[in-house]
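Enquirer: Residue-level listing of the chains:
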Amino acid sequence: MTAVATSVQKQRSWWQRFFKSGREDSPFKRLLIHLALILACMISIYPILRVVSVSLRPNDRLLSTSLAIVPQNATLNAYRTVLVEKEFPVWLWNSLAITAATAVIGVVLAATSAYAFSRWRFPGRGPGLIFLLSTYMIPAPMMMVPIYILSTKLGLTQTYRGLVIAYSVTSVPFSIWMLKGYYDTIPRELEEAALIDGASRLSAFWRIMLPLSTPALAIVFLFSWMGAWSDYLFGRVMIASEKALWTWPLGLRDFQSQFQTQWGMFSAASILVMIPVVALFLYSSKWLISGLTLGAVKG
Amino acid sequence: MQYLTPDVIFNALGEVGSTVLFILLAAVVLELLVYFLWSPLTAFSRVLDRRLRVLGAVPRHAASTILLVGALILVVAMVSPGREPSPLAPYWPVPLLAFVLGSFLSPNLVKVFKPDLRLPYMLLAPAIVGLLLLQVYPLLWELNVSFTNLSPRHFQSPDFVGLVNYIEVFTKPVLKQVHFVPVFLRTLLWTAINLTFHVGGGMVLALLLNRDLRFKGLYRTLLVLPWAIPQVIAVLAWRGEFHYEYGFVNILLRNAGLSALQWLTDPVWNFLGMCLTNIWLGVPFMMVILLGGLQSISGEFYEAAEIDGASPVQQFRHITLPLLQPVLTPAIILGIIWTFTNFNVPFFINQNELETSDTLVTALFRSAFQYFNLGDAAAFAFVNFGILFVLSALYVRASGGLKGATE
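From first to last, the protein sequence lines stand for chains A and B.
If you're matching positions, the first sequence starts at 554 in this note's numbering and goes up one per residue.
If you're matching positions, the second sequence starts at 20 in this note's numbering and goes up one per residue.
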């Protein structure tokens, strides 16, 4: 066997050996791969580093043609302004409270509904799944006027009530599809064994399905969190007139619209709001690949 | 000016918390309703079904369909477009009656109210109510408005105009100057360019990362970052970087000895700027999905192919691609939908509101919220939705990708 393999290898041209997949890459090839990946990483993080760089610039050199990441006379003044002289901490806190609550509610709604879709055949199941899929295709601006009218009728504007309800539901269709795909990959026999041992259907769900689908639940939580955390349109519709209620995207927009963009403050604020999402991303990165892929395998 | 005092902290917590409690309470009430009403409804539907069996299945289906569709049309007509209730609103018992009669007549009623389907419907109930409020009601509203001439001039009493809005989408300019077809073609081009680069770039990076490599985790983390940061921030930052004088894109071009480009004012470069931004944003998602797919392919396939003397290109073509198919197809469907409906990138990069950079979704936004032709915009929105639905359905049909997903 090995003799055949080596003889095959000998017949190969250099480029064939170069493109060969497998563990035993040549050092030269490794070097090239590292170089390519470093280049890709630079492309992916340079624009973000630029935001960091602008946030560190002193006020008199906000507009400069320098490409340095750490600017001359770097200061943290912009951060100080944003955190102490502006309402930004209030907005950040509002966003954090709303997002955390809605992401949890969204995951609970999706986890239970997806279980029904995955394990039962009931009338309306097929059309329901198609409907959920087609809600992704509705352009977001289309829903704003009717939602505004509905929420004024129900008295939900200028409070968080409408916002919390809206955010909890918006990510649900995607989450249901994601989780249903993941549940489908978990063999039914596991639950059936528990049912025979006398567990109820719900406790089988709670003790077996949920622990086994941690990766997918993590992804769904992440997506719900990201959706609510960065949403601008709903906030604009529901709570625009009360500055104390604002979430950070409304505040950030405010930094941009007064005659000209206050780039220093804008960048400092951007960095601050990136932190919770990036931290969540890094924390869930161990589930990211398996959670997304397994859910996708079954559609 | 307001500081983050304990007062403010508890205020926000209190308001969010009370809403969460309210949602919880509503869910509990809903669950109890479904739980206790299920057995009576099961018995009732059985008796009803036995009595109605003499009518025959086909006439029952037909009658119930007519009644249910009639109820839906009446409900759409009753969803009022403005703050004033619709003139049809006092007749609300009519669609309700039609709905009740229609569902009683339907032979499917017994199939729904089965004893063993109580739990799944209980699991679904809260999500269904939420989706009715946030997806179905707005859709019905839009459907109603798309048949009227609702606009600031006719805000209090919009008139029913039939299919005029739908015809005008294709015959009149959708914005000030541009017609539907150029915007549609541009959106197709936008979707095609982005998807090609997302899948291509994601594939290259995934192939590079799918091996034992030092710093692999670090590379992966850094490469995922564009996806992790909030999209609005990324797009606004990119818009700043497209500035003629101070943006890094032009500075780099100048340093390389090329001439700077008018990213924000020239139609072609603006469109390419949009594409660049969105490619940067979208590659990480595809990379993560494809990397997961690659990791699930067993190395034995490649060893066997190697022994048979297959070239790397052949291996990629005949092993990697087919085995990635189940992961790739749903990812591409999602990619098509997300790119087609992407709002932030084409809207914000197009700072000077060039009509030559608008995609269907931003054109829709402008026609609704800048020109306030809500009736036209609603019809336009349904045309958009229909196009995207047909596109996705065609792709699903061609690739067989979601086979089994809805069975």
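Hints are supplied without guarantee of correctness; some may be wrong.
What the hints assert, rightly or not - Taking lysine-lysine and the DSSO-like style, the derived pairs with C-alpha atoms no more than 27 Å apart in a straight line are:
| hint | chain 1 | residue 1 | chain 2 | residue 2 |
| --- | --- | --- | --- | --- |
| 1 | A | LYS796 | A | LYS706 |
| 2 | B | LYS235 | A | LYS582 |
| 3 | A | LYS796 | A | LYS639 |
| 4 | B | LYS195 | A | LYS839 |
Stated by the list, open to error - If you want a taste of the chain A side facing chain B, the calculated C-beta under 8 Å gives, among others:
| hint | residue |
| --- | --- |
| 5 | ALA627 |
| 6 | LEU629 |
| 7 | VAL725 |
Stated by the list, open to error - Reference excerpt, derived from the structure (chain B facing chain A, CB under 7 Å, subset only):
| hint | residue |
| --- | --- |
| 8 | VAL39 |
| 9 | LEU40 |
| 10 | LEU44 |
| 11 | PHE362 |
It is worth saying that the hints were derived from the structure and are not from the lab.
Note that the coordinates shown come from a computational prediction; the quantities given were computed from them, not determined experimentally.
Every residue gets a Cβ at the ideal spot worked out from N, C-alpha and C, and that includes glycine.
Enquirer: Does each hint fit the structure? Answer for all of them.
Expert: Here's how the hints hold up against the structure:
Between the alpha carbons of A/LYS796 and A/LYS706 the distance comes to roughly 22 Å, so the proposed pair stays at or under 27 Å and holds. Among the hinted pairs, B/LYS235 with A/LYS582 is consistent with the structure: their alpha-carbon atoms are about 15 Å apart, no more than 27 Å. At most 27 Å may separate the alpha-carbon atoms for a hinted pair to count; A/LYS796 and A/LYS639 meet this at roughly 12 Å. As the CA atoms of B/LYS195 and A/LYS839 are separated by approximately 49 Å, the hinted pair breaks the 27 Å bound.
Given hint, A/ALA627 at the interface with chain B, is violated; its Cβ is 17 Å from that chain's nearest Cβ, farther than 8 Å. Of the supplied interface hints, the one on A/LEU629 is violated, with its beta-carbon coming no nearer than about 19 Å to a beta-carbon of chain B, more than 8 Å. Restraint check, A/VAL725 versus chain B: the minimum CB separation of about 6 Å is within 8 Å; hint holds. At a threshold of 7 Å, the smallest CB-CB gap from B/VAL39 to chain A is about 5 Å, leaving the interface hint in force.
At a threshold of 7 Å, the smallest CB-CB gap from B/LEU40 to chain A is about 10 Å, leaving the interface hint violated. Violation of the interface hint for B/LEU44 is found here, the shortest Cβ-Cβ separation to chain A being roughly 13 Å, above the 7 Å cut-off. Taken as an interface hint, B/PHE362 checks out: its beta carbon lies about 6 Å from the nearest beta carbon of chain A, inside 7 Å.
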